[in-house]
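Based on the hints, put chain E in the right spot on chain F.
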Amino acid sequence: LTKGKLTLLCDAKTDGSFLVHHFLSFYLKANCKVCFVALIQSFSHYNIVGQKLGVSLTTARERGQLVFLEGLKSSVDVFFRSQEEPHPLQFLREANTGNLQPLFEFVREALKPGDNAEAAWRCPVLLVDDLSVLLSLGVGAVAVLDFIHYCRATVCCELKGNIVTLVHDSGDAEDEENDVLLNGLSHQSHLILRAEGLATGFCRDVHGQLRILWRRPSQLTAQRDRSLTYQYKIQDKSVSFFAKGMSPAVL
Amino acid sequence: MPRPFHLEGAEQLSVTPSESVRRGAERELEMLESLLALGGLVLLRDSVEWEGRSLLKALIKKSAACGEQVHILGCEVSEEEFREGFDSHVNSRLVYHDLFRDPLNWSKTGEALPEGPLGALRAMCRRTNPGPVTIALDSLSWLLLHLPCTTLCQTLHALSHQDSCPGNSTPVEPVHVLGLLHEELHGPGPVGALSSLAQAEVTLSGAMGQASAHILYRRPRQRPTHQTQWFSILPDFSLDLRRGPPLELQRHPDPHTPPVDPTTQLTFNLHLSKEEKEAKDSLTLPFQFSSEKQQALLRPGPSQATSRIFYEPDAYDDLDQEDPDDDLDV
Numbered sequence: 001l002t003k004g005k006l007t008l009l010c011d012a013k014t015d016g017s018f019l020v021h022h023f024l025s026f027y028l029k030a031n032c033k034v035c036f037v038a039l040i041q042s043f044s045h046y047n048i049v050g051q052k053l054g055v056s057l058t059t060a061r062e063r064g065q066l067v068f069l070e071g072l073k074s075s076v077d078v079f080f081r082s083q084e085e086p087h088p089l090q091f092l093r094e095a096n097t098g099n100l101q102p103l104f105e106f107v108r109e110a111l112k113p114g115d116n117a118e119a120a121w122r123c124p125v126l127l128v129d130d131l132s133v134l135l136s137l138g139v140g141a142v143a144v145l146d147f148i149h150y151c152r153a154t155v156c157c158e159l160k161g162n163i164v165t166l167v168h169d170s171g172d173a174e175d176e177e178n179d180v181l182l183n184g185l186s187h188q189s190h191l192i193l194r195a196e197g198l199a200t201g202f203c204r205d206v207h208g209q210l211r212i213l214w215r216r217p218s219q220l221t222a223q224r225d226r227s228l229t230y231q232y233k234i235q236d237k238s239v240s241f242f243a244k245g246m247s248p249a250v251l
Numbered sequence: 001m002p003r004p005f006h007l008e009g010a011e012q013l014s015v016t017p018s019e020s021v022r023r024g025a026e027r028e029l030e031m032l033e034s035l036l037a038l039g040g041l042v043l044l045r046d047s048v049e050w051e052g053r054s055l056l057k058a059l060i061k062k063s064a065a066c067g068e069q070v071h072i073l074g075c076e077v078s079e080e081e082f083r084e085g086f087d088s089h090v091n092s093r094l095v096y097h098d099l100f101r102d103p104l105n106w107s108k109t110g111e112a113l114p115e116g117p118l119g120a121l122r123a124m125c126r127r128t129n130p131g132p133v134t135i136a137l138d139s140l141s142w143l144l145l146h147l148p149c150t151t152l153c154q155t156l157h158a159l160s161h162q163d164s165c166p167g168n169s170t171p172v173e174p175v176h177v178l179g180l181l182h183e184e185l186h187g188p189g190p191v192g193a194l195s196s197l198a199q200a201e202v203t204l205s206g207a208m209g210q211a212s213a214h215i216l217y218r219r220p221r222q223r224p225t226h227q228t229q230w231f232s233i234l235p236d237f238s239l240d241l242r243r244g245p246p247l248e249l250q251r252h253p254d255p256h257t258p259p260v261d262p263t264t265q266l267t268f269n270l271h272l273s274k275e276e277k278e279a280k281d282s283l284t285l286p287f288q289f290s291s292e293k294q295q296a297l298l299r300p301g302p303s304q305a306t307s308r309i310f311y312e313p314d315a316y317d318d319l320d321q322e323d324p325d326d327d328l329d330v
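Line order of the protein sequences matches chains F and E.
Per UniProt numbering, residue 1 is the first one in the first sequence, and the count goes up by one each step.
Per UniProt numbering, residue 1 is the first one in the second sequence, and the count goes up by one each step.
No lab work stands behind these hints: they were computed from the structure.
Please read all numbers here as calculations on a predicted model, not as lab measurements.
Backbone N, C-alpha and C define an ideal beta-carbon position, used for all residues, glycine too.
You can take every hint at face value.
Under the rule of at most 30 Å between Cα atoms (straight-line distance), these lysine-lysine pairs were calculated in the DSBU-like manner:
1) F:Lys52 - F:Lys73
2) F:Lys237 - F:Lys13
3) F:Lys112 - F:Lys3
4) F:Lys73 - F:Lys29
5) F:Lys3 - F:Lys237
6) F:Lys3 - E:Lys108
7) F:Lys5 - E:Lys108
8) F:Lys160 - E:Lys108
9) E:Lys108 - F:Lys112
10) E:Lys293 - E:Lys277
11) E:Lys274 - E:Lys293
12) F:Lys160 - F:Lys29
Listed next, the stretches of chain F that the computed footprint assigns to chain E, with coverage defined by at least 3 CB atoms under 8 Å from CB atoms of chain E:
13) 143-151
14) 178-190
The following residues of chain F were derived to be distant from chain E, with all beta-carbon distances above 10 Å:
15) Gln51
16) Gln235
17) Val239
Pulled out of the complex, with its shape left as it was, chain F reads as follows:
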């Protein structure tokens, strides 16, 4: 279990959310304290997929191992609260693009080491699904980069925890803000997992290709270890990986 790392998940022409489910179940099983900022799907969605992967989010939340910010539900709360009470999704209420400091305060509060000695979790983990939607909600790319910057300073450097976040790659669609966000995050990341659709189109047996890029190695390893490519097929309870062109369906 490496510590203090920022892992960037990105997907292009395909759905990379299977990586989010994987990391969520991985860190919960590894007994880490997880703060999950879930802006895309409801709690029950992640819970159902998590159960297939062997974790129960409900149990984790009750035990205090999982702090879950359900964006879909709590975004409505923003409008029914009085303005003095800070809410993590406060930016939804502001007319001009504010910053994500309330969201950062929420994350910091969730992951700070607790006073009670009985809950001895392993390293804290922040999981965000996903950051591209923040751009659609009116937050500027620089504000999102600043949010991740502060999370990195607190979660990775101070608390020696990990961050995993998903960003969509718009690809051909000219989305400058998203490109700034994706490139800015790529420069900050230690590991980039990029799920791409196949260049030739949709296939039943090979769902896509996963490119792994290691950046900022602490010891400068040989260059050839830096990037790997696998193709994958998503099954009901797992994902099977194989080298390019070696799918059992093709051979």
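Relative to the frame of chain F, chain E by itself:
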């Protein structure tokens, strides 16, 4: 005034026996020294795939080894991470101005630099000691995203031209400013503006796992010159120069993926038995022009006489012996 640089490396050159090592050491002196000799702004342009922070650290190590004090405005990495890999001699000459932990003063504890990023940058313009100084900006991209481009360019200009301050009788050593810029984050306008301020511009790229630097020198009153240098950076941040990209593609079997034999799980047979191989080798192809065929064609043999054409006309065929093209007036 040109800065005197120490040629300790050159004294060692006569000791090393092999020619290529000597030339490599000379070129190493040339590349880092020539980048640092000019004074002014050296712009390091990197990308996601070819990162530039290691080259920045190599330049910082070189400056520190030459006796300069190095001030780093650190916005992107923590101080421990930046100092990692430097020995104690280099680390003692580094002053890290921490803009990483709380650049925008969100914690409101008063630990952050009081005037924010612009104040910190301007503070570096006011020099207290006259000795040679190197200023490293990690990174210019962060500053460019948080400050207006014009303000940043004006401050950078003031930073790199500190030797021309009026009322100073003693000539001041030129300042070296090293700036790391992530190319993909900015449009051509800001990048062009920063590039016009730079005395030397290093663009990092590479091929086949080998990094390369394309260097553009803008020496005053001279034509701009280009140079491309292939290199790799060793763990202690010294430079290892290469002649070019690796010629053969060295595909060592990756320890993570065992070699897979694709013929083991096929539904059809790819192998030939001994008899099948012999039959295959002895087969003559129909359109292969061998000597037997050549002889057969040259000699009108008895087989020629047996080839005849049998024509059975249909009922409605018109067997007209005349030439149908006779009436053409051509």
